[in-house]
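Build out the structure end to end from the sequences listed, making use of the hints.
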Amino acid sequence: EVQLVESGGGLVQPGRSLKLSCVASGFTFNNYWMTWIRQAPGKGLEWVASITNTGGSTYYPDSVKGRFTISRDNAKSTLYLQMNSLRSEDTATYYCTKGRFDYWGQGVMVTVSS
Amino acid sequence: DIVMTQAPLSVSVTPGESASISCRSSKSLLHSNGITYVYWYLQKPGKSPQLLIYRMSNLASGVPDRFSGSGSETDFTLKISRVEAEDVGIYYCGQLLENPWTFGGGTKLELK
Chain G
54 EVQLVESGGG LVQPGRSLKL SCVASGFTFN NYWMTWIRQA PGKGLEWVAS
104 ITNTGGSTYY PDSVKGRFTI SRDNAKSTLY LQMNSLRSED TATYYCTKGR
154 FDYWGQGVMV TVSS
Chain R
924 DIVMTQAPLS VSVTPGESAS ISCRSSKSLL HSNGITYVYW YLQKPGKSPQ
974 LLIYRMSNLA SGVPDRFSGS GSETDFTLKI SRVEAEDVGI YYCGQLLENP
1024 WTFGGGTKLE LK
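Quick note, the sequences are listed as chains G and R, same order.
For the numbering used here, count along the first sequence from 1 and bump the result up by 53.
For the numbering used here, count along the second sequence from 1 and bump the result up by 923.
Don't take every hint at face value.
What the simulated footprint calls covered on chain R by chain G, stretch by stretch (three residues with Cβ under 8 Å from a Cβ of chain G suffice, anywhere in the stretch; the number is not a length) [said to hold, decoys possible]:
{"no.": "1", "segment": "960-974"}
{"no.": "2", "segment": "987-998"}
{"no.": "3", "segment": "1008-1019"}
Over 12 Å on every C-beta distance to chain G, these chain R residues come out as not near it, computed from the model [claimed, not checked]:
{"no.": "4", "residue": "GLN929"}
{"no.": "5", "residue": "ARG978"}
{"no.": "6", "residue": "SER984"}
{"no.": "7", "residue": "SER1004"}
Calculated from the structure, these hints are not laboratory results.
Model, not experiment: these values are computed from the prediction.
Heads up, the beta-carbon is just placed ideally off N, CA and C, and yes, glycines get one too.
This is the structure in structure tokens:
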């Protein structure tokens, strides 16, 4: 059974940093691209970052480029999202997803507020 | 960026009846390999989204065959036949053809 378990969320002040983790199990982690997708409260889905199976390439939308960094440790089957210079508009539930978003974690809430 | 537009915003359905949700893309989602990269997801109340349909018309693992997807290069339809209580939630279409990957605004399905 595929499982994706996120952690690391919480309340953070604007301009500060936070790092999310996602531990994967139930599939061969190093065979798949992985992606972070977020959902602001009461809003729709927004793609945040993707990484290839080897970690050799990463992709971001303009809204987070230069502030967020996606990475992975294939030996630990773990995906990360380093979020710097956080803004109030980054407040959302962040989901870890496998491949072409065929499996989603339970999500982790990030609140950016003073 | 490819814009995905869904309609209606909400739909109310009598259990046992069918429902259709539309999604339109601002650009063709047909790749040169013949695959149309539109996907459908359902987010049940208080839950994470789950994949229903991939590559326009393929049913994801474990999804009842009451769900079906169809369409052209830019216009897509998710049909739910014999709606059940467990189908309640918000349906999203998404395009995975090109970066940035984008989603429609969602269609809320509720029961009458």
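Hint check results:
no., hint, verdict
1, 960-974, "holds (count 6)"
2, 987-998, "violated (count 0)"
3, 1008-1019, "holds (count 3)"
4, GLN929, "violated (9 Å)"
5, ARG978, "violated (9 Å)"
6, SER984, "violated (8 Å)"
7, SER1004, "holds (23 Å)"
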